[in-house]
Amino acid sequence: MELNANINISKLALKALIGESDDIIFFDFTCGEYDACAVYVDSITDRDMLGMEVISPLKKIEGKHTVKELSKSVTLANVELVSEIRTIADLVLGGHTAILFDGKKKALSVDLKKFETRSIAEPPTGFSIRGPRSGFTESIKTNLSLMRRYLKTDDFIVEMSEVGKMTKTGVALLYIKGIADENLVKGVRARLGKIKTDGVPDSSYIAKHINERRGSLFKQVGSTERPDVMLERLLEGRVGIIVDGSPFVLTLPYLLVEDFQSAEDYYISKYRANVVRTIRIIALLFSILLPSLFVSAQLFHIQLLPQNFLLTIINSIKGIPLSPSLEMFFILLIFEILNETSVRMPKYVGMALGVVGALVLGETLVHAGIVSTPAVLIMALSGISIYTVPEIVETTSILRLIFLFLAGSVGGYGIILISAFMLCYLTTSDNYGVPYLAPYAPLIANDMQDGFQMKSITDMKRRPVVFASRNKTRRGNENA
Amino acid sequence: MREYKISVRQICFSLVAFSLAIKMIMLTAVTASISGRMLWLSAIVNFAVDGLFILYILKISEKFDGLDFYEILEVNIGKVGAKIVFALYAIIFFVKAYIPILEQKTFIEITLYETSPTILTFMPFFIFSAYFCFKGMRAIGRCADIAVWLTVLAVLGLIALTLQNADFSELLPLADIPLTDVLSGGIKTSLWYFDSLYILFFIGHFKREKLTKTKILGAFAIEGLMIAVFTAATFAEFGVLTERQFFAPVKVGLFSVATLNIGRIDYIAAFVIATSNVFAIAVPLVFCTYCVNKVIGVDGKVLTPVIINAIMAALILFTEKYLYVFFGFISGYAVYAFAFFAYVVPLIMLFLKKGSIKR
Chain A
404 MELNANINIS KLALKALIGE SDDIIFFDFT CGEYDACAVY VDSITDRDML
454 GMEVISPLKK IEGKHTVKEL SKSVTLANVE LVSEIRTIAD LVLGGHTAIL
504 FDGKKKALSV DLKKFETRSI AEPPTGFSIR GPRSGFTESI KTNLSLMRRY
554 LKTDDFIVEM SEVGKMTKTG VALLYIKGIA DENLVKGVRA RLGKIKTDGV
604 PDSSYIAKHI NERRGSLFKQ VGSTERPDVM LERLLEGRVG IIVDGSPFVL
654 TLPYLLVEDF QSAEDYYISK YRANVVRTIR IIALLFSILL PSLFVSAQLF
704 HIQLLPQNFL LTIINSIKGI PLSPSLEMFF ILLIFEILNE TSVRMPKYVG
754 MALGVVGALV LGETLVHAGI VSTPAVLIMA LSGISIYTVP EIVETTSILR
804 LIFLFLAGSV GGYGIILISA FMLCYLTTSD NYGVPYLAPY APLIANDMQD
854 GFQMKSITDM KRRPVVFASR NKTRRGNENA
Chain B
51 MREYKISVRQ ICFSLVAFSL AIKMIMLTAV TASISGRMLW LSAIVNFAVD
101 GLFILYILKI SEKFDGLDFY EILEVNIGKV GAKIVFALYA IIFFVKAYIP
151 ILEQKTFIEI TLYETSPTIL TFMPFFIFSA YFCFKGMRAI GRCADIAVWL
201 TVLAVLGLIA LTLQNADFSE LLPLADIPLT DVLSGGIKTS LWYFDSLYIL
251 FFIGHFKREK LTKTKILGAF AIEGLMIAVF TAATFAEFGV LTERQFFAPV
301 KVGLFSVATL NIGRIDYIAA FVIATSNVFA IAVPLVFCTY CVNKVIGVDG
351 KVLTPVIINA IMAALILFTE KYLYVFFGFI SGYAVYAFAF FAYVVPLIML
401 FLKKGSIKR
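Chains as they are written, first to last, in this note's numbering: chain A, 404 to 883; chain B, 51 to 409.
Hints listed in this document are in silico derivations from the structure and should not be mistaken for laboratory results.
Be aware that one or more of the hints could be misleading.
Claimed, not checked - Here are the in silico distance ranges between beta carbons for each label pair: (1) A:T715 - B:L206: 26 to 36 Å; (2) A:N718 - B:K371: 56 to 66 Å; (3) B:G350 - A:I805: 51 to 61 Å; (4) B:K371 - A:I705: 21 to 31 Å; (5) B:L261 - A:T520: 53 to 63 Å; (6) A:E487 - B:I346: 52 to 62 Å; (7) B:I177 - A:I421: 28 to 38 Å; (8) B:K371 - A:L714: 49 to 59 Å; (9) B:L261 - A:G879: 23 to 33 Å; (10) B:I398 - A:I805: 25 to 35 Å; (11) A:L784 - B:P167: 31 to 41 Å; (12) A:I740 - B:F218: 52 to 62 Å.
As the structure is a prediction and not an experimental result, all values here were calculated from the model.
All residues carry an ideal CB built from backbone N, CA and C; glycine is no exception.
Looking at chain A on its own, in the form it has when it is part of the complex:
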């Protein structure tokens, strides 16, 4: 429906569309010889700017003018002329202020949105001792500015779109032209375009929609809160997705190996970085396998345990009423309850609860003869180790449970079978055309420069082959 020259009719039409809410303001004023009305959402509009830069200059105008001439008196850049009532309503809801003029069939739309955002701070995840301290925030504009600060090239492309029927959430697709594979960009763009949902509260919603294997237990979209990590991934040939309202920026394609790499690895010595990466792998294996190996060794393969360790276990399990697998499940259950409680409780109570849970409850359980000391030790080690790769905790905690169940029922061969099954599943999984376990399956020698072990950054001369970038050289070439 088009705007009517009679401002009252246009106001009524707009009120019919969006006027039910009390925070939508219809502010009447005069502009030269015209009656005018500013329509805006009070809660998301910068009222100071509206007064100083829009209404005040318009009020000073005298005589008759076209809407285009009137727009020139507004001292802001984001001004456009609109004539559709529906478009005006959408723009107002998106944070614009619409100025209607009596006798005119066009209105001005000025972008004056102002959301309350927190300031840029160090991200709570992906913390590093060395390296930049800035992290993404909930504001898409701030996040884009953080990326623009790094990438001062016209090849850095930002494609904006809106997702969500109700929320109309701003989504930015980021990539570097010439580095990101065009087919990948097309694929991600197409997936984003296909999302049909009413709202997007967080980027994880987008991640779930663009997953290629929706039923998979394994993570398929990378995420980061750090602009430096995002930069590194874009330079490798990935694409990024920033979602308004979320400090977690998505990256695609996702490789399993990337969660074993922390931002800090690139800022410290490669020797230390390699030691740390090795520890992460060992810790991850500990977290998944240790409880199940311990249970299967006790139940089926006692010969696997060294004699002295076996004696310790025998002494400690005397009188324990639960079978090894039930005992481990019981401790795991307690551990998960404590974990869930300490996360949900207020911070300081949570910390105290952690201490009470870990020390008092664990100690009491052992003394009461309900569980054995080695079992508590094993589960504690597994519980701590799982957080060395925090990005995949959701997956590893479920895997630990599956492994434990199979170890308790089938034993060691169950562990072997589920490992083989996982290996087969992961090696044959592709994520936007990129093998999930690259650079190890398939083996890509060049990309192993930054895998579970890494070379010095000065030796990483070529971009990862797996992302099929046209520009292959990163260092030592003027085309890079």
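Use these hints to put chain B onto chain A, whose structure you have.
Below, chain B without anything else, positioned relative to chain A:
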């Protein structure tokens, strides 16, 4: 254009990872029972014959310019003919899978479990196997990329554990074992070989690169060398008692100082071998599934691998008591059928025309 399912490197790795692992359990004892101290030579004879045919298949396949085995047959003997041949190959692969699966099952039950029922301990393997078969050749290639390191490390570890108590004079004198025993040992144990069958089915599914033949043969030679060394080292440790060491991976480290001091660390190697073997024993079923799919004209269906694995599971469950009977039948008679399909059919390919096929 054909999408390649496997690379030359992955073929090489699959030979080392899977074909090596499958020979690690009972082959040593069975060969020793026939060839005595010359067991390593029987192994080498088998490897040499297989190697020659691998080379021949790789060479002859160049003539067919990217066609796979089914397409070669289709061009020359028509669709129906190709389907009949593939049906026979499906049977061959099915039978070829039987003994290694039963062997693995026995190995798992005797060495890793004492009282647990088979239905619980080993039968879940067929769920994995069905999935592996469903994923096909791509899964073989990609899993080999990871499994090769496990297999090689485990075999080297076992050889290292063997060396401590090995007395290599047990392998001497070389000349007193009749050549007929060596050859007989080779023939009777050949059911563990015929690796050229896999190469025959890989043709057309990998992109040829520089030195393809050298790389694949090199990998096969490494596999042969490791088996020869392992069998020789096992004989050097156990002497004439080698033929009783049916489950070599858990026997060779039994008397090692490391094992006595630290615990049964040789079991770690045995577990690793068992892991590689999970893939290795499923490989013939992957090809069986591939053949059946070609015969019935479907691709990527879940039902074929499920049915094939269900039949194999039932067969294993109901015939497990007859391991020796089946072994006798397969090593005595079925190996000649294997030889026909692994060696004679490729020779016939020499007379087939090149042709082309519309994809």
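Now for the hints, and whether the structure bears them out:
no., hint, result
1, A:T715 - B:L206: 26 to 36 Å, "holds (32 Å)"
2, A:N718 - B:K371: 56 to 66 Å, "violated (41 Å)"
3, B:G350 - A:I805: 51 to 61 Å, "violated (26 Å)"
4, B:K371 - A:I705: 21 to 31 Å, "holds (28 Å)"
5, B:L261 - A:T520: 53 to 63 Å, "holds (60 Å)"
6, A:E487 - B:I346: 52 to 62 Å, "holds (59 Å)"
7, B:I177 - A:I421: 28 to 38 Å, "violated (57 Å)"
8, B:K371 - A:L714: 49 to 59 Å, "violated (39 Å)"
9, B:L261 - A:G879: 23 to 33 Å, "holds (29 Å)"
10, B:I398 - A:I805: 25 to 35 Å, "violated (49 Å)"
11, A:L784 - B:P167: 31 to 41 Å, "holds (32 Å)"
12, A:I740 - B:F218: 52 to 62 Å, "holds (60 Å)"
The structure shown violates the earlier hints numbered 2, 3, 7, 8, 10.
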